[in-house]
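> Letter by letter, the chains look like this.
Protein chains: 2
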Amino acid sequence: MTAGDSLATGQRSMGDPTLTHPLWPPLTRGCPRTSTAELAYPVEVDYAYEHAGPALFATAEGAARSAGLDRWAPLLPPLGTPGLGEGHTPLVPLADGVYVKDESRNPTWSHKDRLNRCTVAAAAGVGAPGVVVASSGNHGASAAAYAARAGLRCVVLGPAGMPAALDAFLHAYGAVVLPVPQEARWPLMRQISDRLGLHPVSNLTVTHTGHPFGPEGYKTIAYEIFAEIGVPAAVFVPTGYGECLFGVWKGFAELRRLGLSGTVPRMFACEPAAGGPLAAAVRQGVPAARVSCGPTDAYSIACPVGGYRGVRAVRESGGGALLVTDRQLRESQQELARQGIWAELSSAASLAGLRSLPAGDAPEGPVVCVSTSSGFKDRATGTTASEVIEPTWEEAYRRLRAAGLEG
Amino acid sequence: MTAGDSLATGQRSMGDPTLTHPLWPPLTRGCPRTSTAELAYPVEVDYAYEHAGPALFATAEGAARSAGLDRWAPLLPPLGTPGLGEGHTPLVPLADGVYVKDESRNPTWSHKDRLNRCTVAAAAGVGAPGVVVASSGNHGASAAAYAARAGLRCVVLGPAGMPAALDAFLHAYGAVVLPVPQEARWPLMRQISDRLGLHPVSNLTVTHTGHPFGPEGYKTIAYEIFAEIGVPAAVFVPTGYGECLFGVWKGFAELRRLGLSGTVPRMFACEPAAGGPLAAAVRQGVPAARVSCGPTDAYSIACPVGGYRGVRAVRESGGGALLVTDRQLRESQQELARQGIWAELSSAASLAGLRSLPAGDAPEGPVVCVSTSSGFKDRATGTTASEVIEPTWEEAYRRLRAAGLEG
Chain A
1 MTAGDSLATG QRSMGDPTLT HPLWPPLTRG CPRTSTAELA YPVEVDYAYE HAGPALFATA
61 EGAARSAGLD RWAPLLPPLG TPGLGEGHTP LVPLADGVYV KDESRNPTWS HKDRLNRCTV
121 AAAAGVGAPG VVVASSGNHG ASAAAYAARA GLRCVVLGPA GMPAALDAFL HAYGAVVLPV
181 PQEARWPLMR QISDRLGLHP VSNLTVTHTG HPFGPEGYKT IAYEIFAEIG VPAAVFVPTG
241 YGECLFGVWK GFAELRRLGL SGTVPRMFAC EPAAGGPLAA AVRQGVPAAR VSCGPTDAYS
301 IACPVGGYRG VRAVRESGGG ALLVTDRQLR ESQQELARQG IWAELSSAAS LAGLRSLPAG
361 DAPEGPVVCV STSSGFKDRA TGTTASEVIE PTWEEAYRRL RAAGLEG
Chain B
1 MTAGDSLATG QRSMGDPTLT HPLWPPLTRG CPRTSTAELA YPVEVDYAYE HAGPALFATA
61 EGAARSAGLD RWAPLLPPLG TPGLGEGHTP LVPLADGVYV KDESRNPTWS HKDRLNRCTV
121 AAAAGVGAPG VVVASSGNHG ASAAAYAARA GLRCVVLGPA GMPAALDAFL HAYGAVVLPV
181 PQEARWPLMR QISDRLGLHP VSNLTVTHTG HPFGPEGYKT IAYEIFAEIG VPAAVFVPTG
241 YGECLFGVWK GFAELRRLGL SGTVPRMFAC EPAAGGPLAA AVRQGVPAAR VSCGPTDAYS
301 IACPVGGYRG VRAVRESGGG ALLVTDRQLR ESQQELARQG IWAELSSAAS LAGLRSLPAG
361 DAPEGPVVCV STSSGFKDRA TGTTASEVIE PTWEEAYRRL RAAGLEG
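So the sequence lines, in the order shown, correspond to chains A and B. FYI, the UniProt record's numbering numbers position 30 of the first sequence as 30, with every residue one higher than the one before it. FYI, the UniProt record's numbering numbers position 43 of the second sequence as 43, with every residue one higher than the one before it.
Because the hints were derived from the structure by calculation, they are not lab data. Some clues are possibly wrong.
[Unchecked claim] Examples of chain B residues lying across from chain A (beta carbon under 10 Å, computed):
1. Arg-65
2. Ala-164
3. Ala-184
4. Arg-195
5. Ser-386
6. Glu-395
[What the hints assert, rightly or not] Here are some chain B residues pointing at chain A (derived, C-beta under 8 Å):
7. Gly-68
8. Pro-90
9. Val-98
10. Asp-102
11. Asp-167
12. Ala-396
[As the list claims (entries may be wrong)] Okay, the calculated beta carbon distance ranges per label pair:
13. B/Ala-403 with A/Gly-4: 28 to 36 Å
14. A/Arg-327 with B/Trp-393: 35 to 43 Å
15. A/Glu-387 with B/Ser-386: 24 to 32 Å
Computed from a predicted model, the values in this text were never measured in an experiment. Glycine residues also receive a C-beta, built at the ideal position from the N, C-alpha and C atoms.
Let's have the full structure, built from the sequences with the hints guiding it.
What follows is the structure, encoded as structure tokens:
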């Protein structure tokens, strides 16, 4: 409820940074001047940085956690709708000192809450009656929660074959859920947006641009890391469309611009090897690429189409675009769980990316792996259950011995 | 890793507060002097309060969230094992100003993490190779996560007919899961504890005493509320065995004892109407009661046996013991979700309790409802899924109109 605190001044084209557009309305179909039929360029939000004082970053924690993203209101788009105490997630050190930024600790248990705090505020800002979102999971549920919080409607174009737990999750927030085949999601979203005036909070363009205000919310991950440990050597991010990757990079770039730090961490995109449009774009030297996406259980980050934002973060930070197999994802998911963090398979991509680097290539200095969501979101979760055992000491002991537990 | 910071001095009998026991070992079977064959009295932890300075509560948020419960180490049992950034959950205001303390924002997405941070540290403190816990859900998973974090083993005696999602949750942390019928859980737990030396972190006694260090972790809920809004008029708590209810009350009582506040909130126990041993004990004027527990979907707080802790919190605070039906729970679950908080059915008991009070009986002043866990934990979650729709504008529009969305 602090829309007036925002220092946002306008939208800047990422296709040509000399081109600016007014702040309103949010350009949900990318930059109209530089995009082509084959390639869409996003816009990003500009701020009156000269008015952003260092006091904003002065304390380790700042305002109480309940304030959520409002703590950082000056460097966010106008937050005219209420939050849910999003963000302020902990950095949990693993045994070897690698930090895990545990984003499952958000209101709908994923990083998407940072994005939707901003996009739902944008929907209210343009006077839309609600939002529409195409999503296979976390994004849709988060949009539904923030829309409910703001008193707006939410329509989710979910995937065919949606896991039942996700269905319950979406319906709880009062969303209208329309499960449709993948290829029908975007055309329907465009029609629902055009004909009913619902504000689109996911992508509508040929290569990914998404909502221009969304990645701004992810900048707060960088602000929080900085407030706690300063600038790390590298940040690894599970990567679908690259919005979180870009947001974290932009946050650190802003801190440097404000004179609060001298460096920006190397940003590593971590995509499933089954697809990997960002890695393809980096390899080909293009702003965004399309790939065929094979089967993977990392459904939250399995994308055939990439966007320019993530490519820019990797290039400008001197980072890298890593591909990880489902087997590597499972190993990292287990490594995290055996230290107390049950992450979604897709969320383990960051640690899998780090672990995939040859020893000599590991970044020198503190490393942060962003873990985006919880193991409850996996499709396999809830599909098999243990059988009841014979409730005798003999049977219990037999099983405990088999598990290596002896008296 | 701050065991040395603790000001804990010993264990005090709740059956006779003039009786004290050494701090170690934790009396996991209650007070040996005052308990009888029909009624077990817990012990609680005592501190050198004269050394607890007000600086501990000086700032709104204190140390960074990653520090977890370590922030409050002086007034907790020794925390000799690492945390996961537990606690520091937000107070989310509902539209009518009621605050929801959203405990689904903990490492395993329930309030139990505050308890298990303390009980697993106790297990390590006595040199046990691991912990054993009887649990129908949140407690077991949380114990498994903290045991994994501490490098200890964990055995969970789960319920027969355990939901598959819970099974995945427990196994992820490497726990040995033994699903057994309800009546076999406690005898087996006792045997596993006695014969294998695993430290029990759930109850072993005839009326509930649980682990003496566990409720100490819940005190931090009170500390956090106090740091943010001072002392509320009342706190409503979903109540099974009453450990959280007691912990929150004790935390506020300590703040008063330290001279930091003048009052303690009225504490309201909110039990499922299908059971309600705490309400029975209060009604009968006894320290703890047994009831028959009928069917309820609020499985996390459906208990046939109560304990003295919660009774004491209700009596000494001038609060009340409320009973809520499954229908009332569902209404409050929906009220929360439609404001962006998807709580487990059991977790909605606090709001259901508040809403059940006649208008004239509502507490005057700020009210906090503790919401203990996430909707993902409900047994019904994940059992029904929406069907795929015909992916045409006409079909989508028909469904959107039916949901009240028109162009």
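> Could you tell me whether the CB distance from B/Ala-403 to A/Gly-4 stays inside 28 to 36 Å?
34 Å, holds
> Regarding the hint that B/Gly-68 lies at the interface with chain A, is the smallest CB-CB distance below 8 Å?
7 Å, holds
> Let me know if the C-beta of B/Ala-184 comes in closer than 10 Å to any C-beta of chain A, holds or violated.
For B/Ala-184, the interface hint holds, since the closest Cβ of chain A sits about 3 Å away, which is under 10 Å.
> Minimum Cβ distance from B/Arg-195 to chain A below 10 Å?
It holds, given that the least Cβ distance between B/Arg-195 and chain A is near 5 Å, below 10 Å.
> Does B/Asp-102 meet its interface restraint, that is, does its C-beta lie within less than 8 Å of any C-beta in chain A?
7 Å, holds
> Closer than 8 Å between Cβ atoms is the bar; does B/Val-98 clear it against chain A? Give me holds or violated.
14 Å, violated
> Between the beta carbons of A/Glu-387 and B/Ser-386, is the distance compatible with 24 to 32 Å?
30 Å, holds
> For the hint on B/Glu-395, does the least C-beta distance to chain A fall short of 10 Å?
Check passed: Cβ of B/Glu-395 comes within 8 Å of chain A, closer than 10 Å.
> Please check whether A/Arg-327 and B/Trp-393 have a Cβ separation lying inside 35 to 43 Å.
42 Å, holds
> Does B/Asp-167 pass the interface check with chain A, least Cβ-Cβ distance below 8 Å?
With a minimum Cβ separation of about 5 Å from chain A (threshold 8 Å), the hint on B/Asp-167 holds.
> Please check whether B/Ala-396 passes as an interface residue: C-beta within 8 Å of a C-beta belonging to chain A.
5 Å, holds
> When the nearest CB of chain A is found for B/Pro-90, is that gap smaller than 8 Å?
3 Å, holds
In the structure shown, a violation is registered for the earlier hint numbered 9 alone.
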